[in-house]
Every structure is written in structure tokens, then in C-alpha cells.
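> These are the residues of each chain, in order.
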Amino acid sequence: MTAFLNQCFSGLAMGGIFAILALSLVMIFQATALLNFAQGEMAMASTYLAWQLIQHGVPYWLAFVLTVILSFAAGVLIERLIIRRFASAPVLTVVIVFIALVFIIDSMVGWIFGYQLQEFPSPFPEHNWFNNPLVSSHQSGILLVTLVVMSVVWAFFRFTTLGLAMRAAAQNPASSRLVGIKVGWMLALGWGLAAAIGAIAGMMAAPIVYLDPSMMSSLLLYGFAGAVLGGINNPWGAVLGGLLVGVSVNLVGAYLVGTQLQLAVALTMIIGILLVRPSGLFGHTIVTRV
Amino acid sequence: MSAIAGIKPQAASVPQRKFGRAPAFAAALIAGILLAFNASGYHLFQYAQVLIYMIALIGLNLLTGFNGSISLGHGAFFAIGGYGAAILMAHLGVAWWLTLPIMAFICFGAGFGFGMPALRLEGLYLALATFALAITMPGILNYKHFDAYTGGTSGLQVDKPKVPLHLPLNQDQWLFLCCLAAAMLMLFIAQNLVASRVGRAMVALRDHPIAAQTMGVNSAMVKATCFGVAALYAGVAGALDAALVGFVAPDSYSVFLSLSLLVGMVVGGLGSLWGMLAGAIFIEFVPNLADSFSDMFGESAKALPWAVYGVFLIAILLLAPHGIAGAVQRVVAFVRGLMAKASPNLTPELPAISAGNQPAEQNHRTTQGS
Amino acid sequence: MISRRELLATGAAATVATGATLPALAANAPGVTATEIRIGQTMPYSGPASAYGIIGRTEAAYFKMLNAKGGINGRKINLISLDDGYSPPKAVEDIRRLVEQEKVAFIFQSLGTPSNAAIMKYLNNAKIPQLFVATGAAIFSDPKHFPWTMGFNPNYQAEAAIYAKHILANNPKAKIGVLYQNDDFGQDYLVGLKSVLTGDKASMITKTVSYEVSEPTVESQIVTLQGAGVDVMLFAATPKFGAQAVHKSFAVGFKGVRYLSNVSAAFPILKAAGLDAAKGLLTAAYVKDTSDPALAKDAGYMEWAAFCGKYMDKNAVVDGNAAYGYAAAQTMAQVLKQCGNDLSRANILKQAQSLKDFTCATLLPGITLNTSATNYSPIRALQIQDFDGAHWKSVGGLIHS
Numbered sequence: 004m005t006a007f008l009n010q011c012f013s014g015l016a017m018g019g020i021f022a023i024l025a026l027s028l029v030m031i032f033q034a035t036a037l038l039n040f041a042q043g044e045m046a047m048a049s050t051y052l053a054w055q056l057i058q059h060g061v062p063y064w065l066a067f068v069l070t071v072i073l074s075f076a077a078g079v080l081i082e083r084l085i086i087r088r089f090a091s092a093p094v095l096t097v098v099i100v101f102i103a104l105v106f107i108i109d110s111m112v113g114w115i116f117g118y119q120l121q122e123f124p125s126p127f128p129e130h131n132w133f134n135n136p137l138v139s140s141h142q143s144g145i146l147l148v149t150l151v152v153m154s155v156v157w158a159f160f161r162f163t164t165l166g167l168a169m170r171a172a173a174q175n176p177a178s179s180r181l182v183g184i185k186v187g188w189m190l191a192l193g194w195g196l197a198a199a200i201g202a203i204a205g206m207m208a209a210p211i212v213y214l215d216p217s218m219m220s221s222l223l224l225y226g227f228a229g230a231v232l233g234g235i236n237n238p239w240g241a242v243l244g245g246l247l248v249g250v251s252v253n254l255v256g257a258y259l260v261g262t263q264l265q266l267a268v269a270l271t272m273i274i275g276i277l278l279v280r281p282s283g284l285f286g287h288t289i290v291t292r293v
Numbered sequence: 003m004s005a006i007a008g009i010k011p012q013a014a015s016v017p018q019r020k021f022g023r024a025p026a027f028a029a030a031l032i033a034g035i036l037l038a039f040n041a042s043g044y045h046l047f048q049y050a051q052v053l054i055y056m057i058a059l060i061g062l063n064l065l066t067g068f069n070g071s072i073s074l075g076h077g078a079f080f081a082i083g084g085y086g087a088a089i090l091m092a093h094l095g096v097a098w099w100l101t102l103p104i105m106a107f108i109c110f111g112a113g114f115g116f117g118m119p120a121l122r123l124e125g126l127y128l129a130l131a132t133f134a135l136a137i138t139m140p141g142i143l144n145y146k147h148f149d150a151y152t153g154g155t156s157g158l159q160v161d162k163p164k165v166p167l168h169l170p171l172n173q174d175q176w177l178f179l180c181c182l183a184a185a186m187l188m189l190f191i192a193q194n195l196v197a198s199r200v201g202r203a204m205v206a207l208r209d210h211p212i213a214a215q216t217m218g219v220n221s222a223m224v225k226a227t228c229f230g231v232a233a234l235y236a237g238v239a240g241a242l243d244a245a246l247v248g249f250v251a252p253d254s255y256s257v258f259l260s261l262s263l264l265v266g267m268v269v270g271g272l273g274s275l276w277g278m279l280a281g282a283i284f285i286e287f288v289p290n291l292a293d294s295f296s297d298m299f300g301e302s303a304k305a306l307p308w309a310v311y312g313v314f315l316i317a318i319l320l321l322a323p324h325g326i327a328g329a330v331q332r333v334v335a336f337v338r339g340l341m342a343k344a345s346p347n348l349t350p351e352l353p354a355i356s357a358g359n360q361p362a363e364q365n366h367r368t369t370q371g372s
Numbered sequence: 133m134i135s136r137r138e139l140l141a142t143g144a145a146a147t148v149a150t151g152a153t154l155p156a157l158a159a160n161a162p163g164v165t166a167t168e169i170r171i172g173q174t175m176p177y178s179g180p181a182s183a184y185g186i187i188g189r190t191e192a193a194y195f196k197m198l199n200a201k202g203g204i205n206g207r208k209i210n211l212i213s214l215d216d217g218y219s220p221p222k223a224v225e226d227i228r229r230l231v232e233q234e235k236v237a238f239i240f241q242s243l244g245t246p247s248n249a250a251i252m253k254y255l256n257n258a259k260i261p262q263l264f265v266a267t268g269a270a271i272f273s274d275p276k277h278f279p280w281t282m283g284f285n286p287n288y289q290a291e292a293a294i295y296a297k298h299i300l301a302n303n304p305k306a307k308i309g310v311l312y313q314n315d316d317f318g319q320d321y322l323v324g325l326k327s328v329l330t331g332d333k334a335s336m337i338t339k340t341v342s343y344e345v346s347e348p349t350v351e352s353q354i355v356t357l358q359g360a361g362v363d364v365m366l367f368a369a370t371p372k373f374g375a376q377a378v379h380k381s382f383a384v385g386f387k388g389v390r391y392l393s394n395v396s397a398a399f400p401i402l403k404a405a406g407l408d409a410a411k412g413l414l415t416a417a418y419v420k421d422t423s424d425p426a427l428a429k430d431a432g433y434m435e436w437a438a439f440c441g442k443y444m445d446k447n448a449v450v451d452g453n454a455a456y457g458y459a460a461a462q463t464m465a466q467v468l469k470q471c472g473n474d475l476s477r478a479n480i481l482k483q484a485q486s487l488k489d490f491t492c493a494t495l496l497p498g499i500t501l502n503t504s505a506t507n508y509s510p511i512r513a514l515q516i517q518d519f520d521g522a523h524w525k526s527v528g529g530l531i532h533s
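Protein chains in written order, with my numbering: chain A, 4 to 293; chain B, 3 to 372; chain C, 133 to 533.
Hints were generated in silico from the structure; no laboratory data involved. It cannot be assumed that every hint is accurate.
Restraint ranges, calculated between C-beta atoms of paired labels, are given here [unchecked claim]:
{"id": "1", "chain 1": "B", "residue 1": "Asp-149", "chain 2": "A", "residue 2": "Leu-259", "range": "16 to 24 angstroms"}
{"id": "2", "chain 1": "B", "residue 1": "Asp-149", "chain 2": "A", "residue 2": "Ile-276", "range": "29 to 37 angstroms"}
{"id": "3", "chain 1": "A", "residue 1": "Ser-91", "chain 2": "B", "residue 2": "Asp-149", "range": "49 to 57 angstroms"}
Capping the alpha-carbon separation at 20 angstroms, the derived lysine to aspartate or glutamate pairs in DMTMM-like fashion look like this [as the list claims (entries may be wrong)]:
{"id": "4", "chain 1": "C", "residue 1": "Lys-387", "chain 2": "C", "residue 2": "Asp-518"}
{"id": "5", "chain 1": "C", "residue 1": "Lys-333", "chain 2": "C", "residue 2": "Asp-363"}
{"id": "6", "chain 1": "C", "residue 1": "Lys-387", "chain 2": "A", "residue 2": "Glu-122"}
{"id": "7", "chain 1": "C", "residue 1": "Lys-208", "chain 2": "C", "residue 2": "Glu-234"}
{"id": "8", "chain 1": "C", "residue 1": "Lys-525", "chain 2": "C", "residue 2": "Asp-445"}
{"id": "9", "chain 1": "C", "residue 1": "Lys-387", "chain 2": "C", "residue 2": "Asp-408"}
{"id": "10", "chain 1": "C", "residue 1": "Lys-429", "chain 2": "C", "residue 2": "Asp-408"}
{"id": "11", "chain 1": "C", "residue 1": "Lys-253", "chain 2": "B", "residue 2": "Asp-297"}
{"id": "12", "chain 1": "C", "residue 1": "Lys-276", "chain 2": "B", "residue 2": "Asp-161"}
{"id": "13", "chain 1": "C", "residue 1": "Lys-235", "chain 2": "A", "residue 2": "Glu-129"}
{"id": "14", "chain 1": "C", "residue 1": "Lys-259", "chain 2": "B", "residue 2": "Asp-149"}
{"id": "15", "chain 1": "C", "residue 1": "Lys-201", "chain 2": "C", "residue 2": "Glu-435"}
{"id": "16", "chain 1": "C", "residue 1": "Lys-235", "chain 2": "C", "residue 2": "Glu-168"}
{"id": "17", "chain 1": "C", "residue 1": "Lys-253", "chain 2": "C", "residue 2": "Asp-274"}
{"id": "18", "chain 1": "C", "residue 1": "Lys-326", "chain 2": "B", "residue 2": "Asp-149"}
{"id": "19", "chain 1": "C", "residue 1": "Lys-446", "chain 2": "A", "residue 2": "Glu-129"}
{"id": "20", "chain 1": "C", "residue 1": "Lys-403", "chain 2": "C", "residue 2": "Asp-518"}
{"id": "21", "chain 1": "C", "residue 1": "Lys-411", "chain 2": "A", "residue 2": "Glu-122"}
{"id": "22", "chain 1": "C", "residue 1": "Lys-201", "chain 2": "A", "residue 2": "Glu-122"}
{"id": "23", "chain 1": "C", "residue 1": "Lys-403", "chain 2": "A", "residue 2": "Glu-122"}
{"id": "24", "chain 1": "C", "residue 1": "Lys-442", "chain 2": "C", "residue 2": "Asp-408"}
{"id": "25", "chain 1": "C", "residue 1": "Lys-339", "chain 2": "C", "residue 2": "Asp-363"}
{"id": "26", "chain 1": "C", "residue 1": "Lys-196", "chain 2": "B", "residue 2": "Asp-297"}
{"id": "27", "chain 1": "C", "residue 1": "Lys-235", "chain 2": "C", "residue 2": "Asp-474"}
{"id": "28", "chain 1": "C", "residue 1": "Lys-297", "chain 2": "C", "residue 2": "Asp-274"}
The beta carbon of each residue, even a glycine, is placed where N, CA and C say it ideally should be.
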């Protein structure tokens with residue numbers, strides 16, 4: 004029983020990381036209707052930035068905040084400098100640009116920081132909270148951070164004018180432009196927010212998976228799966244999707260088919276669910292006119 | 003989104019039947035034969051690889067460019083083709099050329115079987131499903147209960163095909179010429195397929211799925227068949243590749259291969275079959291080019307080539323957002339326009355109702371989800 | 133002109149591939165001139181195994197140092213090291229470029245089991261030495277079938293066998309749990325364990341769990357092992373997963389003995405896992421722990437540190453992979469020295485088969501390299517070491533396999 008609970012909680016903690024990552028994917032999708040393949044690599048680069056700051060003696064939370072801000076700026080820059088130029092190109096061309104970004108970021112980070120495994124500190128205490136035997140404080144910390152990020156994102160879209168403008172720009176660019184919303188900047192903003200959220204995902208993941216240039220490549224697929232499972236246009240769904248993926252992969256691996264095929268089986272299950280509910284568990288269907 | 007603004011008659015795809023395809027094929031064959039007798043063995047190996055990629059890209063383009071479905075997992079079928087051929091050759095002693103039709107058949111089945119349920123998904127979800135296939139494939143090839151056949155991670159060694167009938171060729175020339183013949187044949191088949199009834203149904207489903215179904219096109223059947231055909235092409239390419247390289251291992255078919263194929267297709271030009279040659283050349287040679295380019299940054303820049311490659315990729319897409327074929331077509335149209343102005347008798351051929359007209363719009367639409 | 137290429141390409145030809153126009157014997161290999169010896173190599177500078185890229189860079193730097201000192205027997209060493217991204221087809225393409233375009237004399241320390249397996253047949257057919265491959269898979273030490281291919285690392289099966297003997301000696305009633313990477317590397321450890329734990333001892337291995345390199349973590353696997361009630365854990369894992377396993381087994385409160393495969397036992401990796409969590413680990417080592425200040429007066433270490441100071445960046449000093457690359461390059465230099473002026477491929481192979489008690493600056497005291505026409509595993513002894521929370525400390529004497 005302990006083992007079972009342990010599997011669940013360790014799955015939940017990984018699920019928290021998938022969830023934040025999924026959330027950042029949803030952010031970009033909401034702003035641009037595209038899935039960003041470079042999201043993982045961007046998050047990895049942000050994490051290296053945080054690591055470098057901490058190495059230079061910057062206190063953790065200050066480094067955390069600085070990284071989030073700088074990542075936001077980098078996200079905006081990438082949109083303004085590169086993605087913007089492909090505004091009129093076919094969607095697949097933009098997907099290839101994402102792939103190119105993956106190569107560039109991965110290669111540059113490896114060149115600058117090397118490929119050696121680095122430790123990354125956790126901001127949470129070393130001892131489990133309330134002396135519980137199951138969940139480490141970092142694991143529960145991840146879940147806490149996920150919820151905070153989620154709430155902030157939700158409040159941003161629900162209660163701020165800027166959030167409203169972003170939603171409007173994504174759903175109806177032409178009309179938004181007419182009412183004076185700078186649609187182009189809204190896209191850039193979406194990229195910035197996604198990069199910032201991705202940075203948080205990276206900093207939460209690094210104490211568990213360790214920091215190296217390939218750290219996010221294995222996580223991205225799970226984030227992707229979480230986002231799609233929850234419903235790519237629903238932030239709450241993305242978080243729940245991420246958590247579900249985390250737990251189910253662990254349980255499938257430990258109790259059903261062994262770890263060798265856990266990924267395959269977990270993905271098959273997700274695809275199976277999608278066949279029944281094509282817009283994800285919590286997504287809403289977009290009705291299109293012929 | 004803005005993608006709608008990008009729809010222009012680019013990368014026309016229906017072969018211009020009236021204007022004869024024979025010259026293009028003849029030119030390609032002659033160029034190939036000239037190469038075979040003048041290039042070094044190492045270069046022929048590379049050129050053969052280009053032709054193999056071209057075959058796989060044509061298949062992928064039939065699926066994406068003509069049918070509008072995305073596959074991020076095409077490498078998985080390439081892997082099935084490669085492993086299947088290697089197992090047939092190494093364990094069952096099947097002649098290497100015989101593995102091509104066998105793997106074509108098997109991969110068609112695999113693609114059709116995968117496509118039947120998966121193609122009920124659209125856009126993003128299909129992308130996820132196929133991406134997942136690409137990621138899990140090395141693990142499946144490595145599955146321990148298959149080790150007796152697959153050789154586990156150390157892979158399978160295959161005897162490279164020998165030159166038959168005492169032909170005055172060496173092994174590299176022979177393999178290259180075989181790849182050339184295969185590529186031309188597969189291209190010819192693809193061209194005819196696109197111009198056929200099935201091809202028109204494919205394109206109709208891409209552009210107006212509901213209208214096409216109303217007209218009696220069996221959507222599920224056509225889409226799954228198309229996926230099967232794409233897998234068939236990948237399978238043939240994979241089988242040829244196994245013979246050329248003489249070795250298969252799970253690491254040969256990482257997700258990187260699937261991404262490379264996607265890159266090749268887009269760089270070559272969505273909806274253009276000949277453009278796939280350009281795409282194949284890109285994915286074979288540009289990484290090497292990037293490598294020698296980054297050598298200029300000195301010893302420590304060993305990891306930099308892929309950054310350079312990424313920059314090249316972005317640059318070429320900036321110059322040619324519709325791929326190389328799209329750019330070529332633009333240039334041709336421009337030149338024809340000039341000629342038409344010069345001599346009003348010559349009416350420029352309109353690239354109008356071409357199959358590749360609206361990949362942009364369709365892909366955009368499917369990406370938004372159902 | 134075709135004839136020559138044909139020989140190289142088909143490789144089926146029995147004649148020496150040094151060029152039809154040259155006499156087969158006593159001729160130097162291609163790539164050897166009066167002033168230069170060209171050597172080729174493939175390395176995963178990009179891709180999933182790029183952490184090992186530093187091995188190639190260290191080796192290049194080593195030859196640069198040798199060249200600055202005048203080279204070997206008056207010849208400079210030119211190591212052409214190409215990136216294969218850990219992809220076997222790319223390795224094949226690279227090797228053909230090295231052999232046919234760059235005309236290298238032989239291949240040295242290409243890295244990775246799949247890449248080496250992919251090029252092994254081609255090189256053996258063409259009778260080109262493939263020396264000191266950078267992998268511990270047993271298939272590369274098989275002189276009967278692949279006389280031109282020689283290993284370097286102590287092989288993984290032998291390492292695992294040493295762990296098994298150690299367990300039997302110290303804890304004969306142990307219940308062993310194994311975490312292994314699901315590929316040749318990991319599976320070789322299982323084979324090695326089972327080769328010692330035979331008969332009624334076989335049941336000592338109570339639980340085995342595997343992981344795929346594409347997974348983000350092995351946390352779930354460690355929880356499973358802990359749940360199975362084992363009292364000995366063996367982690368046959370590459371660095372990232374090794375660090376995770378060490379950390380997680382500590383976090384779930386595992387109190388038994390843990391063995392960690394030596395590829396993951398380098399100090400920086402344990403530091404990432406947490407030194408507290410790593411305390412009490414056991415491994416079987418052959419490369420020095422160059423992070424240990426106790427080595428400061430060691431002659432080999434001083435040579436290594438001086439080299440790093442001049443030819444590498446400062447972080448390389450504590451990098452176990454770099455120290456490993458240094459040892460391999462030293463061994464290669466020794467073989468070329470032994471060759472004297474006869475740099476034919478046959479003689480290069482013969483000299484590679486004739487290492488006698490050679491020692492390397494970065495290998496542990498007592499580790500000597502020996503080869504013969506029938507022994508293609510240069511390093512056969514390992515040293516059990518115990519991590520005391522700060523450094524590796526040797527326990528007992530060398531164990532020969």
C-alpha cells in the first residue's frame with residue numbers, strides 16, 4: 004500500500020511539472036493557435052539562466068523572479084524577431100521554425116554551459132512537511148506552485164483588461180483590431196507569458212531530473228499529452244491533464260505492463276480517450292462552418 | 003489567422019501531363035548515371051541516401067501536401083521498413099531486392115492499420131498520436147522479447163547487396179543506381195496516383211472535407227489508404243536504407259529522423275513531388291555544411307553545427323516560405339510573365355487548379371482542432 | 133581509378149586496402165606521411181549522448197600537446213573527430229568519409245555501442261584497425277570474429293560480475309534489486325550478475341526494473357524496488373538516471389547497500405545527486421577520482437592537472453569522462469610509439485595487441501593495460517570503492533575478472 008501511495012505521489016509531483024509545461028503550451032496555443040515545439044528547450048535555457056544566477060550568489064527567489072522576467076522578455080523577443088516574419092507563411096513552415104529553434108537553443112546552451120549534469124537547488128525545505136513519510140517537500144512544493152501559477156493565469160484572463168484583450172485578439176483578430184487592440188503585441192505577449200511559465204516548469208523540474216541540455220526533451224511529450232488530454236484550449240484542463248498523465252504513467256509502468264512500454268501504453272490510452280472525446284476531457288468543441 | 007493571407011498559388015503539384023514528364027525523368031536518369039561513374043564511393047553513398055530520403059519524403063508529401071494530414075511519426079514506418087528488411091535478410095535469407103515489395107506491403111498494412119483509428123483525430127491530436135509513435139518506436143524495436151530477431155540495441159548486421167551478373171560496377175555504383183531506379187519509379191507512381199481518381203478524392207478531402215463526403219468520397223477509407231501509401235513509401239525507403247547502410251539499430255530511428263523528414267518536406271515544398279529531391283538534398287547535406295561552417299569557430303565549437311543548421315533552416319524558410327519548389331515556381335512564373343510581356347502571343351500557363359494550392363489554409367484549419 | 137575505390141568500397145577484396153599501386157607489405161597506411169599520422173573518430177558531440185563529447189575533445193587536446201612536444205617519432209598526430217549525433221547511419225557515413233576522403237590510417241575511440249557495431253563490419257572487411265572503442269560492450273573484444281576491432285573499457289559484464297562476487301562475499305543472503313537501462317549497456321549488467329549468481333543463488337535477484345533513456349525520471353522504478361523489500365540495490369544506469377536513482381533511494385529511506393555502475397560514479401554526478409544521498413555507495417572503478425584533494429601529490433594527477441590547465445578548460449579537471457579520454461589517448465600514443473617507423477595497418481594492429489603492463493596517468497594505481505592476439509580487453513582489473521560522503525575511497529585490493 005505504501006508503495007502504491009508512493010507511486011501515486013511521485014506521479015503527482017511529475018504531473019505537476021507536466022501540468023506547468025502543459026499550461027505554457029496552452030498559453031501559446033490560446034494566443035496563436037500553434038503548438039510550440041521549442042517550449043521545452045526555451046524552458047531549459049531559462050533554467051540554465053537561473054542556475055547561472057544562483058552560481059553567482061543570487062538568492063534563490065530573487066534568481067527565480069529575475070529568470071521569469073528575463074524569460075518573458077526573451078519570449079517576446081523571439082516572437083518579434085523571428086516568428087513574426089512567418090506570419091503569412093503556411094502553418095507547417097512555422098512548425099519547422101520551431102524545430103529550428105530547438106536545434107539552435109539546444110546547441111547554444113550546450114556550447115555555453117557544457118553537457119555535464121548540474122545540480123539545481125530546490126527552494127523547499129529538505130525535510131518533508133509535517134514529517135509525512137510519503138511526499139517530499141519539493142514534490143508538494145511543485146503542486147503548490149502549479150496551483151499558484153494556474154490561479155494567476157486564470158485571474159489574469161478573467162479579471163484584467165489585458166487578459167481580455169489577449170483572448171479577444173486570439174479569437175477574433177479582425178474585430179479586435181477594430182476596437183483598438185494591438186493584435187501583434189498580444190501575440191508577443193502570449194509568447195512572453197508562455198516562456199515565463201515554461202521557465203517556472205524548468206526550475207521546478209530541474210531538482211528532480213537534473214540540469215542538462217536534454218532535460219526537457221523527455222518532459223515535453225508528457226506536457227504535450229497533458230495539454231491535449233485536458234483540452235488544449237482550457238488552462239484548468241491542462242493542469243488536470245498533466246496531473247493525470249503523471250499518475251497514470253507511473254501506475255501503468257509499475258502495475259500493468261512494466262516500465263518498458265509504459266510510455267507507449269500511456270499514450271495509447273490518451274489517444275483512446277481522444278477518440279471518444281476529441282476535444283479533450285475538459286476542452287470545448289469549436290464548431291466550424293463549412 | 004494570418005495564414006489565410008499567405009495563400010497564393012505556390013508549389014503547384016499536379017504534374018503537367020500535357021507538357022510531358024519524360025524530359026524530367028530522362029534528365030534525372032542521365033544525371034544519375036553520369037554521377038554513378040564519376041563520383042567517389044563515399045559521395046555515391048551520400049547521393050543514394052538522398053534518393054532514399056526522397057522516396058520517404060514523397061510518401062510524406064502525399065499524406066500532408068495532398069491529403070492535409072500531419073504525421074510527425076513518419077520515421078516509425080521508415081524503421082519498420084528497415085528492421086523488416088534486415089530481419090528478412092539476416093534471419094530468413096531473403097534476397098535484398100525482394101524485401102522491397104515485401105516491406106512495401108507490410109508497411110502499407112501497418113500504416114493503414116494505424117491510420118484507420120488515428121485519422122479520426124485531426125490536426126493537433128493527430129500530430130500527438132504520430133509524434134508518440136515516433137518516440138515509442140525505438141523502445142518497441144528494443145523490446146526484450148523481440149531481441150532474438152532484432153538484436154536488441156546492438157542492432158542487426160546485414161550483408162550489403164553484391165553486384166549481380168558480373169556487371170562492370172562496384173557496390174556503391176550498383177546500390178546508387180538501384181536507389182535511383184527505385185526513386186524514379188516511386189516518383190512516377192506518385193505522380194500517377196495524384197492524377198488519378200483516388201488522388202482527386204485525397205485533395206478534395208483536404209480542401210473541403212464535408213463537401214467531399216457529401217459527394218460520396220469515403221473519408222475514413224481514403225484517408226487511411228493515403229496514410230498506408232505514405233507508410234509504404236517510408237517502408238520502401240527504410241528497406242533500401244537498411245541495404246545501403248548494412249546495419250539497423252534502434253538508435254538509427256530516433257525521433258530526430260521523423261523531424262528531419264518533416265523538415266525535408268517543408269523545405270522541399272508542400273505539394274510538390276519533384277521538390278522532395280531538393281528537400282532530401284537539404285536534410286542530407288546541410289548538416290555537413292553547417293559542420294564545416296562552424297569549424298571556423300574553432301575547437302570548442304564542436305556542438306555548434308546544429309545551431310548553424312537551425313539558422314540556415316530559418317533563413318531558407320524566410321526566403322522561401324513555401325519551400326524550394328514554391329520559390330522555383332515563383333521564379334518561373336516571374337520569368338514567364340516577363341516573356342509574356344515581351345511576346346504577347348505566349349500565354350503563361352496558369353498554375354491555377356493545382357493540388358498544392360491551399361495546404362496553408364487546410365493545415366491551419368486542422369490545427370485549430372475539431 | 134575505380135579499382136582502388138572498388139577495393140575500399142566492396143571491402144570484400146582480400147587484398148590490403150592501402151591502394152592497389154603500393155606493395156602490400158611494409159607500406160605505411162594511408163594518412164601516414166613523413167610528418168603526419170591521420171587518425172579518424174566519430175563522437176556524439178550532439179544528440180542524446182553529448183555529455184561524452186568531452187572525451188573526443190580531451191583526446192584532440194592530448195594530441196595537440198604531443199604535437200607541441202614534437203609528435204611521435206617525428207610525426208604529428210592529426211585526429212579528425214566527426215560528430216555522429218549517436219546515430220548509427222551517420223556514423224557509417226562519417227567513417228566512409230574518414231576512410232575514403234580524409235584517408236585516415238585507422239579509427240580510434242569511436243564512441244557508443246550502436247555506432248561501433250554499425251561500422252565494425254566495414255572496417256574489418258577493409259582491414260582497417262578500429263582501436264580502443266569507447267564502449268564496454270563485450271562484442272568489441274572478439275578477436276576471433278573481428279580481429280581489427282579492439283575494446284578499451286573493462287566490459288560491463290565483468291564489472292557486474294565483480295559486484296556479484298562482492299555481494300556474495302559480504303552479504304550472501306542478500307535480496308538484490310536491479311535497476312537497469314533497457315539497452316545493451318544495462319542488459320550486460322544483468323548478464324554479468326547472472327553469470328556469477330547461478331543455481332540456487334539465482335533467486336537472490338528478487339526484482340529487476342528497467343527504464344528507457346527517453347523517460348524523464350526513474351523515481352517510480354526506485355519506489356518499486358523499495359516496495360519489493362530488497363536489501364541490495366544495483367543501479368546499472370547512465371549519469372542522469374544514476375544520479376536520480378541515488379537521490380531517490382536515499383529519499384525513500386532505503387537502508388541497504390547500493391552499487392552504482394562506474395560510468396555514473398564520477399564526482400560531479402554524485403554532487404548533483406547530493407553528497408549525503410551518495411554516502412555509502414559502492415562502485416568498481418578504474419579511472420581516478422580526480423576531484424579528490426588527496427590526489428594533489430599524485431604524479432599522475434599532477435600531470436593531468438597541468439594538461440587541463442594548458443589545453444582544456446578548468447572544469448575538465450574533475451570530469452571523469454575527460455580523465456578517461458586522457459587515458460585512452462595515452463594508450464594510443466604508446467601504440468604509435470611502439471610502431472616505430474613501420475606504420476602499416478598490420479603493424480599498428482600488431483602493436484595494439486602488444487601492450488605490456490602499460491599504465492596511464494589518470495587510471496588508478498595498479499591498473500595496467502595488457503593485450504595480446506587473443507586478449508582484446510586491455511583493462512581487466514577493477515577496484516571496489518566506497519563513497520564516504522566526500523570522495524571515493526578504495527576498499528580492498530584490485531579484483532581481476
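> For every hint, state whether the structure bears it out.
Structure-based check of each hint:
{"no.": "1", "hint": "Asp-149(B) <-> Leu-259(A): 16 to 24 angstroms", "verdict": "holds, 22 angstroms"}
{"no.": "2", "hint": "Asp-149(B) <-> Ile-276(A): 29 to 37 angstroms", "verdict": "holds, 32 angstroms"}
{"no.": "3", "hint": "Ser-91(A) <-> Asp-149(B): 49 to 57 angstroms", "verdict": "holds, 51 angstroms"}
{"no.": "4", "hint": "Lys-387(C) <-> Asp-518(C)", "verdict": "holds, 15 angstroms"}
{"no.": "5", "hint": "Lys-333(C) <-> Asp-363(C)", "verdict": "holds, 15 angstroms"}
{"no.": "6", "hint": "Lys-387(C) <-> Glu-122(A)", "verdict": "violated, 24 angstroms"}
{"no.": "7", "hint": "Lys-208(C) <-> Glu-234(C)", "verdict": "holds, 16 angstroms"}
{"no.": "8", "hint": "Lys-525(C) <-> Asp-445(C)", "verdict": "violated, 26 angstroms"}
{"no.": "9", "hint": "Lys-387(C) <-> Asp-408(C)", "verdict": "holds, 13 angstroms"}
{"no.": "10", "hint": "Lys-429(C) <-> Asp-408(C)", "verdict": "violated, 27 angstroms"}
{"no.": "11", "hint": "Lys-253(C) <-> Asp-297(B)", "verdict": "violated, 30 angstroms"}
{"no.": "12", "hint": "Lys-276(C) <-> Asp-161(B)", "verdict": "holds, 19 angstroms"}
{"no.": "13", "hint": "Lys-235(C) <-> Glu-129(A)", "verdict": "violated, 57 angstroms"}
{"no.": "14", "hint": "Lys-259(C) <-> Asp-149(B)", "verdict": "violated, 29 angstroms"}
{"no.": "15", "hint": "Lys-201(C) <-> Glu-435(C)", "verdict": "holds, 15 angstroms"}
{"no.": "16", "hint": "Lys-235(C) <-> Glu-168(C)", "verdict": "holds, 12 angstroms"}
{"no.": "17", "hint": "Lys-253(C) <-> Asp-274(C)", "verdict": "holds, 13 angstroms"}
{"no.": "18", "hint": "Lys-326(C) <-> Asp-149(B)", "verdict": "holds, 18 angstroms"}
{"no.": "19", "hint": "Lys-446(C) <-> Glu-129(A)", "verdict": "violated, 31 angstroms"}
{"no.": "20", "hint": "Lys-403(C) <-> Asp-518(C)", "verdict": "holds, 15 angstroms"}
{"no.": "21", "hint": "Lys-411(C) <-> Glu-122(A)", "verdict": "holds, 17 angstroms"}
{"no.": "22", "hint": "Lys-201(C) <-> Glu-122(A)", "verdict": "violated, 39 angstroms"}
{"no.": "23", "hint": "Lys-403(C) <-> Glu-122(A)", "verdict": "holds, 7 angstroms"}
{"no.": "24", "hint": "Lys-442(C) <-> Asp-408(C)", "verdict": "violated, 34 angstroms"}
{"no.": "25", "hint": "Lys-339(C) <-> Asp-363(C)", "verdict": "holds, 11 angstroms"}
{"no.": "26", "hint": "Lys-196(C) <-> Asp-297(B)", "verdict": "holds, 17 angstroms"}
{"no.": "27", "hint": "Lys-235(C) <-> Asp-474(C)", "verdict": "holds, 17 angstroms"}
{"no.": "28", "hint": "Lys-297(C) <-> Asp-274(C)", "verdict": "violated, 24 angstroms"}
Hint compliance for this structure: hints 6, 8, 10, 11, 13, 14, 19, 22, 24 and 28 are broken, all remaining hints hold.
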